[in-house]
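Participant: The primary structure of each chain is shown beneath.
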Amino acid sequence: MTNALSRLLETRDWLMADGATGTNLFNMGLSSGDAPEMWNEEHPDRIKKLYKFAVDAGSDIFLTNSFGGNAARLKLHGAEKRARELSRISAELGREVADASGRTVVVAGSVGPTGEIFAPMGPLTHAAAVEIFHEQAEGLKEGGADVLWLETISAPEEYKAAAEAFALADMPWCGTMSFDTAGRTMMGVTSAAMVDMVEKLPNPPIAFGANCGVGASDLLRTVLGFAAHGTERPIIAKGNAGIPKYHDGHIHYDGTPELMAEYAVLARDSGATIIGGCCGTMPEHLEAMHKALTERPRGPRPSLEDITAKLGGFSSASDGTGEDAGAGRRTSRRRRG
Amino acid sequence: MSEDQDDIILSELNDEELVEQMFDDLYDGLKEEIEEGVNILLERGWEPYRILTEALVGGMTVVGADFRDGILFVPEVLLAANAMKGGMAILKPLLAETGAPRMGKMVIGTVKGDIHDIGKNLVAMMMEGAGFEVVDLGINNDVDAYLGALESEQPDILGMSALLTTTMPYMKTVIDTLAERGLRDEYIVLVGGAPLNEEFGKAIGADAYCRDAAVAVETAKSFIARKHNQMSA
Chain Y
1 MTNALSRLLE
11 TRDWLMADGA
21 TGTNLFNMGL
31 SSGDAPEMWN
41 EEHPDRIKKL
51 YKFAVDAGSD
61 IFLTNSFGGN
71 AARLKLHGAE
81 KRARELSRIS
91 AELGREVADA
101 SGRTVVVAGS
111 VGPTGEIFAP
121 MGPLTHAAAV
131 EIFHEQAEGL
141 KEGGADVLWL
151 ETISAPEEYK
161 AAAEAFALAD
171 MPWCGTMSFD
181 TAGRTMMGVT
191 SAAMVDMVEK
201 LPNPPIAFGA
211 NCGVGASDLL
221 RTVLGFAAHG
231 TERPIIAKGN
241 AGIPKYHDGH
251 IHYDGTPELM
261 AEYAVLARDS
271 GATIIGGCCG
281 TMPEHLEAMH
291 KALTERPRGP
301 RPSLEDITAK
311 LGGFSSASDG
321 TGEDAGAGRR
331 TSRRRRG
Chain B
1 MSEDQDDIIL
11 SELNDEELVE
21 QMFDDLYDGL
31 KEEIEEGVNI
41 LLERGWEPYR
51 ILTEALVGGM
61 TVVGADFRDG
71 ILFVPEVLLA
81 ANAMKGGMAI
91 LKPLLAETGA
101 PRMGKMVIGT
111 VKGDIHDIGK
121 NLVAMMMEGA
131 GFEVVDLGIN
141 NDVDAYLGAL
151 ESEQPDILGM
161 SALLTTTMPY
171 MKTVIDTLAE
181 RGLRDEYIVL
191 VGGAPLNEEF
201 GKAIGADAYC
211 RDAAVAVETA
221 KSFIARKHNQ
231 MSA
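Taken in order, these protein sequences are the chains called Y and B.
All residue numbers for the first sequence refer to UniProt numbering, where the first residue is 1 and numbers rise by one.
All residue numbers for the second sequence refer to UniProt numbering, where the first residue is 1 and numbers rise by one.
One thing to keep in mind: the hints can contain errors.
To be verified - BS3-like, lysine-lysine: derived pairs with alpha carbons at most 27 angstroms apart:
| no. | chain 1 | residue 1 | chain 2 | residue 2 |
| --- | --- | --- | --- | --- |
| 1 | B | Lys172 | Y | Lys245 |
| 2 | B | Lys202 | Y | Lys245 |
| 3 | Y | Lys48 | Y | Lys141 |
Calculated from the structure, these hints are not laboratory results.
Since we're looking at a predicted model, the values are computed, not measured.
Build the full structure now, drawing on both the sequences and the hints.
Facilitator: Okay, structure coming up:
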């Protein structure tokens, strides 16, 4: 492997990723409802500033401003034909910032969900999804992304379609899912099921894991679930800085830099190699996380009780793994042939 | 499928067994079986409204409860809702003809700036599954779109959804505008979406925050019941 991420992973036993994209951009004046990807062209200075926030806070990896840069999402802004171009620019700007940093910083081309439900229940076919992801992947590749970075995925079908598209683009990649519903993804995928799915892919990711979701505690329970399922693949933890709260017309996440520092250390102890934040994670959070990861020693793998004592309770009693796997579903009295 | 389970012939079941079987079939998302069950009950002289409430809404209540409790997830609920829709398609014209009572009507849409609609679609499906009439405004609705629909549709409930922390505040704009025009108390306002919580719902002046589609249905039912009680008091 010759990509920058694999090289870093050979020499380091933890890497720090970046924090929030949306929350930071809104602080710079993005209005609610506008596609952040348009800023790649309209305000490249602000996007570079966003990337620099992460680099200056010590991040080894940052994600490009292309989360919604696929044709399915851009269509809602009438820009479906610009997926490749806007994705390319997001990576070019990233390349500039990373190359000027004076150290190895990985430009990870962000690829978010299409937002569509897969056939037969929804309109999105596998072939169409692969095409959408492939187009964006080529744009990110052209712009100089080191790796592609799939995130916030709920459906296994979507994760697999993206993997196939990234193979077509011949790009190394990472991919995380969002475990926001009773410890599973919205589509019911458990941490253990994700490990099984990832290992069966013909072109598995360099690293996999969880992002966004509910709070820091839930995210770490998911990381423990990955580790307990016996994966050797590097695990990614990118949790939100607490829970969103409403204050005087603004949304603010209640996770303090101190809490995120604690989360970062616990994530590493739980088995994560790549640690970052998601929504609400600002530069001051990243700085506190970097300091903690650098200065504090590794500890034993935390128990669920350790996690709730330090970061707060879970959003659900179970996450559908271990003894709870498969429990609860009513059984039908019959099936018809 | 499994050999120790004999195929069940729906028409050979008595009413009670058939309704129970339809609960199972809804749970398993078997659309054709639900359509068959509805037709059998119609042939046996059941009122369309009774089929709707006892067989379909009853079955969807079980699905909703297991979704709420983290036992079923979105794919299973979509399948169940699809089966329900098959039954509803048969009943809808008959319900209109017979002047059956209405559960209530909801106008629902994702707020301005927000283009996410999976959660909102689920709520719409589950509400329909519970027998409500739903007018779906789709995504990216501004104040005028909501107010226009409230005016033309005269619903009992306004549902607003936001999946982004950045679009959540717009719900308050809509509620404030309703209040300014003296319309706030005309409607039950329910809000939902991944980043929201109860505290937020209260802060912006909604009647309730609904954690998921199942909770939305339960909340809607209890508010409608309260409204009816007030009217008869």
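Participant: Would you mind marking each hint as holding or not holding in the structure?
Facilitator: Here's how the hints hold up against the structure:
| no. | hint | result |
| --- | --- | --- |
| 1 | B/Lys172 with Y/Lys245 | holds (14 angstroms) |
| 2 | B/Lys202 with Y/Lys245 | holds (12 angstroms) |
| 3 | Y/Lys48 with Y/Lys141 | holds (18 angstroms) |
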